[in-house]
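Q: Assemble the whole structure, with the sequences as input and the hints as a guide.
Going down the list, the protein sequences come from chains W and U. The opening residue of the first sequence carries number 0 in numbering that gives the first Met the number 0; numbering runs sequentially from there. The opening residue of the second sequence carries number 0 in numbering that gives the first Met the number 0; numbering runs sequentially from there.
A hint or two may mislead.
Cut-off 25 Å, straight-line C-alpha distance, at most; resulting in silico cross-link-like pairs (DSS-like, lysine-lysine) [as the list claims (entries may be wrong)]:
1. K170(W) <-> K120(U)
2. K48(U) <-> K120(W)
3. K48(U) <-> K48(W)
4. K170(W) <-> K90(U)
Read the hints as simulated data drawn from the structure, not as lab findings.
In case you want the letters, here they are:
Protein chains: 2
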Amino acid sequence: MVGHKDTPVFILVGPQMGENIGACARVMGNFAIPELRIVAPRDGWPNDKAVAMAADSPVLENARLFESVAHAVSDCQVLYASTGTPRNMVKPTLTAREACGRARAEIAAGQRVGVLFGAEKSGLDNADITRADAVLALPVDPEFSSLNLAMACGVIAHEWRAGDPPPGGFKPVEGRASQAELEGLYQHFHDELDRAGFFYPPEKTPLMMQNLINLFARASATEQEVRTMRGVIKALAIGRGKARVVRED
Amino acid sequence: MVGHKDTPVFILVGPQMGENIGACARVMGNFAIPELRIVAPRDGWPNDKAVAMAADSPVLENARLFESVAHAVSDCQVLYASTGTPRNMVKPTLTAREACGRARAEIAAGQRVGVLFGAEKSGLDNADITRADAVLALPVDPEFSSLNLAMACGVIAHEWRAGDPPPGGFKPVEGRASQAELEGLYQHFHDELDRAGFFYPPEKTPLMMQNLINLFARASATEQEVRTMRGVIKALAIGRGKARVVRED
Numbered sequence: 000m001v002g003h004k005d006t007p008v009f010i011l012v013g014p015q016m017g018e019n020i021g022a023c024a025r026v027m028g029n030f031a032i033p034e035l036r037i038v039a040p041r042d043g044w045p046n047d048k049a050v051a052m053a054a055d056s057p058v059l060e061n062a063r064l065f066e067s068v069a070h071a072v073s074d075c076q077v078l079y080a081s082t083g084t085p086r087n088m089v090k091p092t093l094t095a096r097e098a099c100g101r102a103r104a105e106i107a108a109g110q111r112v113g114v115l116f117g118a119e120k121s122g123l124d125n126a127d128i129t130r131a132d133a134v135l136a137l138p139v140d141p142e143f144s145s146l147n148l149a150m151a152c153g154v155i156a157h158e159w160r161a162g163d164p165p166p167g168g169f170k171p172v173e174g175r176a177s178q179a180e181l182e183g184l185y186q187h188f189h190d191e192l193d194r195a196g197f198f199y200p201p202e203k204t205p206l207m208m209q210n211l212i213n214l215f216a217r218a219s220a221t222e223q224e225v226r227t228m229r230g231v232i233k234a235l236a237i238g239r240g241k242a243r244v245v246r247e248d
Numbered sequence: 000m001v002g003h004k005d006t007p008v009f010i011l012v013g014p015q016m017g018e019n020i021g022a023c024a025r026v027m028g029n030f031a032i033p034e035l036r037i038v039a040p041r042d043g044w045p046n047d048k049a050v051a052m053a054a055d056s057p058v059l060e061n062a063r064l065f066e067s068v069a070h071a072v073s074d075c076q077v078l079y080a081s082t083g084t085p086r087n088m089v090k091p092t093l094t095a096r097e098a099c100g101r102a103r104a105e106i107a108a109g110q111r112v113g114v115l116f117g118a119e120k121s122g123l124d125n126a127d128i129t130r131a132d133a134v135l136a137l138p139v140d141p142e143f144s145s146l147n148l149a150m151a152c153g154v155i156a157h158e159w160r161a162g163d164p165p166p167g168g169f170k171p172v173e174g175r176a177s178q179a180e181l182e183g184l185y186q187h188f189h190d191e192l193d194r195a196g197f198f199y200p201p202e203k204t205p206l207m208m209q210n211l212i213n214l215f216a217r218a219s220a221t222e223q224e225v226r227t228m229r230g231v232i233k234a235l236a237i238g239r240g241k242a243r244v245v246r247e248d
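A: This is the structure in structure tokens:
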């Protein structure tokens with residue numbers, strides 16, 4: 000897991016349901032955002048429902064409890080306040096993508112960046128939003144705008160990683176066929192189709208081959224797949240011969 | 000809400016828990032992804048727990064039930080298979096950001112795009128992944144990679160909208176001060192600070208003023224805030240005079 004200083008800190012202010020705290024911790028673990036701070040959770044701490052929903056996330060084990068927002072954010076130079084409700088406040092509003100872009104530069108410059116999340120029902124107080132550098136507002140449908148708390152944490156956690164590559168186990172297509180192997184396939188197609196009388200009228204042959212070749216070029220075929228296709232051509236060509244023999248009998 | 004044809008279709012294959020189906024429907028509603036298809040949910044359909052978690056999402060009301068993946072995706076030209084488990088399969092792997100970028104072009108070209116999600120425990124069958132154009136793999140921590148099903152839907156739903164602006168209620172900073180108003184503030188600062196003997200040695204005056212001006216320029220001050228600051232300067236200057244009078248008594 001990456002160092003704590005390389006990622007934003009998520010701060011849940013007065014969360015009500017342990018389930019949501021646990022689900023936040025789980026998704027923060029999924030996207031390697033290690034540092035969760037919890038301010039005055041409604042049902043006390045520790046919380047069994049949080050543990051159940053966290054699915055053994057190391058983020059929950061390391062979560063820290065605070066009595067006030069001021070204490071929870073004291074070491075942060077930069078704060079973003081996540082809210083779905085516009086306030087009558089002079090404050091820049093950023094989407095998660097914009098905020099993550101800014102936070103990346105801020106963290107690279109050695110700053111601690113915190114993201115504040117309010118309670119499920121009420122959201123953040125104006126006093127908490129006031130201390131933030133900017134409001135973080137997700138691009139929701141105005142007619143159905145209320146996100147679950149853990150979901151809000153989750154989409155911002157994912158956005159922080161969205162430019163990263165897939166995990167290492169997912170490899171790009173391997174064993175790609177060489178152009179010479181593909182050329183062999185195309186020639187094989189050409190010869191057998193020519194023998195079968197496929198190219199009619201003959202002057203259309205180049206265009207018909209071009210269409211066929213484009214399909215296989217787009218498919219990013221592997222060596223194995225080229226061998227399979229050549230087996231397929233062979234089988235069909237022989238089968239065609241057999242079928243004709245049967246029909247001619 | 001945007002038209003159905005302008006967004007990907009989400010297909011839950013054999014989901015186990017109604018709660019997760021409901022949470023998917025809720026977050027799809029949040030990010031205006033209207034079309035949910037459900038293949039053979041474990042606990043039948045309709046499902047009370049799904050209704051409870053959907054928080055009146057219109058997506059749940061309009062969700063369609065299918066018996067097989069083949070039926071659920073029959074009108075889709077393009078399929079992405081969301082999975083956290085690499086398979087031994089020759090298939091391109093894309094992150095949510097990459098897949099959303101491609102899907103946007105595909106949808107603009109009139110294609111129906113489906114995103115497949117597997118069951119909570121098992122994920123998608125290899126047979127379902129095989130029919131997809133590409134695997135969609137989120138950039139998770141390999142040491143804690145298992146996402147909740149609704150969270151996976153949620154981060155992809157958000158990613159689809161991540162380049163959009165914040166909702167209309169969130170406005171950029173309004174009532175910005177003009178440069179003339181700011182100049183008035185800076186001159187006021189200069190005059191009162193000069194009178195107070197702040198600029199010492201005098202040759203440092205331009206640099207000291209530059210530092211002060213930079214702070215206010217960065218703050219994107221409004222007209223109202225400029226007026227407030229001028230009141231603050233005035234109050235402090237008078238206060239200082241009073242304090243001096245007191246001390247001199």
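Q: Okay, which hints does this one fail, numbers in order?
A: Violated hints: none; all satisfied.
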